[in-house]
Amino acid sequence: MTAPPVTSAAEAADAELVQRFEHIIARNDRIEPRDWMPEKYRATLVRQIAQHAHSEIIGMQPEGNWITRAPSLRRKAILLAKVQDEAGHGLYLYSACETLGVSRLELTEKLISGQQKYSSIFNYPTLSYADVGTIGWLVDGAAIANQVPLCRTSYGPYGRSMIRICKEESFHQRQGYELLATMMRGTDEQRAMVQESVDRFWWPALMMFGPPDADSPNTEQSMAWGIKRDTNDGLRQKFVDMSVPQSKALGVTLPDPDLVWNDERGHHDFGQPDWDEFYAVVKGAGPCNAQRIAHRKRAHDEGAWVREAATAFAAKHELS
Amino acid sequence: MTDGVRDEWPLYEIFVRGKRGLNHVHVGSLHAADDEMALLHARDVYTRRNEGVSIWAVRADLIVASSPDEKDPLFAPAGDKVYRHPTFYVIPDDVPHM
Numbered sequence: 001m002t003a004p005p006v007t008s009a010a011e012a013a014d015a016e017l018v019q020r021f022e023h024i025i026a027r028n029d030r031i032e033p034r035d036w037m038p039e040k041y042r043a044t045l046v047r048q049i050a051q052h053a054h055s056e057i058i059g060m061q062p063e064g065n066w067i068t069r070a071p072s073l074r075r076k077a078i079l080l081a082k083v084q085d086e087a088g089h090g091l092y093l094y095s096a097c098e099t100l101g102v103s104r105l106e107l108t109e110k111l112i113s114g115q116q117k118y119s120s121i122f123n124y125p126t127l128s129y130a131d132v133g134t135i136g137w138l139v140d141g142a143a144i145a146n147q148v149p150l151c152r153t154s155y156g157p158y159g160r161s162m163i164r165i166c167k168e169e170s171f172h173q174r175q176g177y178e179l180l181a182t183m184m185r186g187t188d189e190q191r192a193m194v195q196e197s198v199d200r201f202w203w204p205a206l207m208m209f210g211p212p213d214a215d216s217p218n219t220e221q222s223m224a225w226g227i228k229r230d231t232n233d234g235l236r237q238k239f240v241d242m243s244v245p246q247s248k249a250l251g252v253t254l255p256d257p258d259l260v261w262n263d264e265r266g267h268h269d270f271g272q273p274d275w276d277e278f279y280a281v282v283k284g285a286g287p288c289n290a291q292r293i294a295h296r297k298r299a300h301d302e303g304a305w306v307r308e309a310a311t312a313f314a315a316k317h318e319l320s
Numbered sequence: 001m002t003d004g005v006r007d008e009w010p011l012y013e014i015f016v017r018g019k020r021g022l023n024h025v026h027v028g029s030l031h032a033a034d035d036e037m038a039l040l041h042a043r044d045v046y047t048r049r050n051e052g053v054s055i056w057a058v059r060a061d062l063i064v065a066s067s068p069d070e071k072d073p074l075f076a077p078a079g080d081k082v083y084r085h086p087t088f089y090v091i092p093d094d095v096p097h098m
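In order, the protein sequences belong to chains U and C. Numbering follows our numbering, with no gaps: position 94 of the first sequence is 94. Numbering follows our numbering, with no gaps: position 91 of the second sequence is 91.
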């Protein structure tokens, strides 16, 4: 004898929630914080937004490194404004992530303990002032290519953060390109600095789009949910196609012997980054991983007394 | 770390008036120890490029909100009253200024 199928009221209610969620996604509408969502959708978003927020916060370090040694007051003001923007971008994204039910403190602690990642690009050092320009041009350029489609991501707060961020990133990329163009009009030594910097950052910039689609297990589900709108390889191609004419106008060579225009495809063919290096850096073996986290931890620990004082002041003020 | 710090600062929702004549619009949120700090942080985080002439900071726990459910009966009364829209009324094409 087989038992008749039992559908409890709870199961039916769950099915209705799933259906409603999928209906919102299907009509390309946005999910908002208090909507019901599948646990895996929530977890995927927390992972992606946290990683994105951490990247902005850790991303202040490589460039912050040069603030005290900027070559002019003009460059210093620009660099300060840019690094302050990165802090702001981190805050927009942390706020978006918190709407999914995680706390700011939890996010900070997971960054410091290494449970959550940030973009591997920030584990590379900045060795000359040309790197400030190259980061603006290529690293922020790659970030923009990644982020513009995310303005249409299916989670409302994430998309709104991305819109604000994209507006501001445009200044970042342009100041970097202008910095490099200025150096290219300078001495032979300055031109060599720019080329050396581009040689170091080109491949790590290509890695920013993540592993090839075939090795990106999360992409398919993320696209079905409208969290991601393009594949890693698709975005990488777009970035290469945009960067080639920019590099020509600048007068630098991109360090890829396989880089060539393919008339048939209407795109550039290009070589693959060293993916073993990518996975090694993600796992912590990059040149600056330990330094970046140690610095973040120090800032958090040394700022504790400020947070405590502000809390005490607010409590006292509330009582009086 | 003391409990006072482990307990996070309250969350504030931030609204910015872009220029005179416009409504305050929600732009995002932030944590602050008190109201004054919320305004200062809101200025630094949300108006670095002259985006505003006025800021409201509202403690998130003080906001009263309707249910997020699209089928919320709260909105049902507006659902079947098409006669509240101008397009409900047919006016001949040759009647001007209507």
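Among the clues, some could well be false.
To be verified - The list that follows gives simulated cross-link-like pairs (lysine to aspartate or glutamate, EDC-like), each with its CA atoms no further than 20 Å apart:
| id | chain 1 | residue 1 | chain 2 | residue 2 |
| --- | --- | --- | --- | --- |
| 1 | U | LYS297 | C | GLU8 |
| 2 | C | LYS19 | C | ASP44 |
| 3 | U | LYS167 | C | ASP34 |
| 4 | U | LYS248 | U | ASP258 |
| 5 | U | LYS316 | C | ASP34 |
Claimed, not checked - Some chain U residues close to chain C (C-beta under 8 Å, calculated; not the full set):
| id | residue |
| --- | --- |
| 6 | ASN28 |
| 7 | ARG34 |
| 8 | PRO38 |
| 9 | LEU91 |
| 10 | TYR92 |
| 11 | GLY101 |
| 12 | SER103 |
| 13 | LEU105 |
| 14 | GLU109 |
| 15 | GLN147 |
| 16 | PRO149 |
| 17 | CYS151 |
| 18 | GLN195 |
| 19 | GLU196 |
| 20 | LYS316 |
Note that these hints are calculated values from the structure, not bench results. For clarity, every value in this text was computed on a predicted model and none was experimentally measured. We put the beta carbon where it would ideally sit given N, CA and C, even for glycine.
Each hint tested on the structure:
| no. | hint | result |
| --- | --- | --- |
| 1 | LYS297/U to GLU8/C | holds, 18 Å |
| 2 | LYS19/C to ASP44/C | holds, 17 Å |
| 3 | LYS167/U to ASP34/C | violated, 30 Å |
| 4 | LYS248/U to ASP258/U | holds, 16 Å |
| 5 | LYS316/U to ASP34/C | holds, 11 Å |
| 6 | ASN28 | violated, 15 Å |
| 7 | ARG34 | holds, 4 Å |
| 8 | PRO38 | violated, 16 Å |
| 9 | LEU91 | holds, 5 Å |
| 10 | TYR92 | holds, 6 Å |
| 11 | GLY101 | violated, 12 Å |
| 12 | SER103 | holds, 6 Å |
| 13 | LEU105 | holds, 6 Å |
| 14 | GLU109 | violated, 10 Å |
| 15 | GLN147 | violated, 16 Å |
| 16 | PRO149 | violated, 21 Å |
| 17 | CYS151 | violated, 15 Å |
| 18 | GLN195 | violated, 33 Å |
| 19 | GLU196 | violated, 33 Å |
| 20 | LYS316 | violated, 10 Å |
When each numbered hint is compared with the structure, violations occur for hints 3, 6, 8, 11, 14, 15, 16, 17, 18, 19 and 20.
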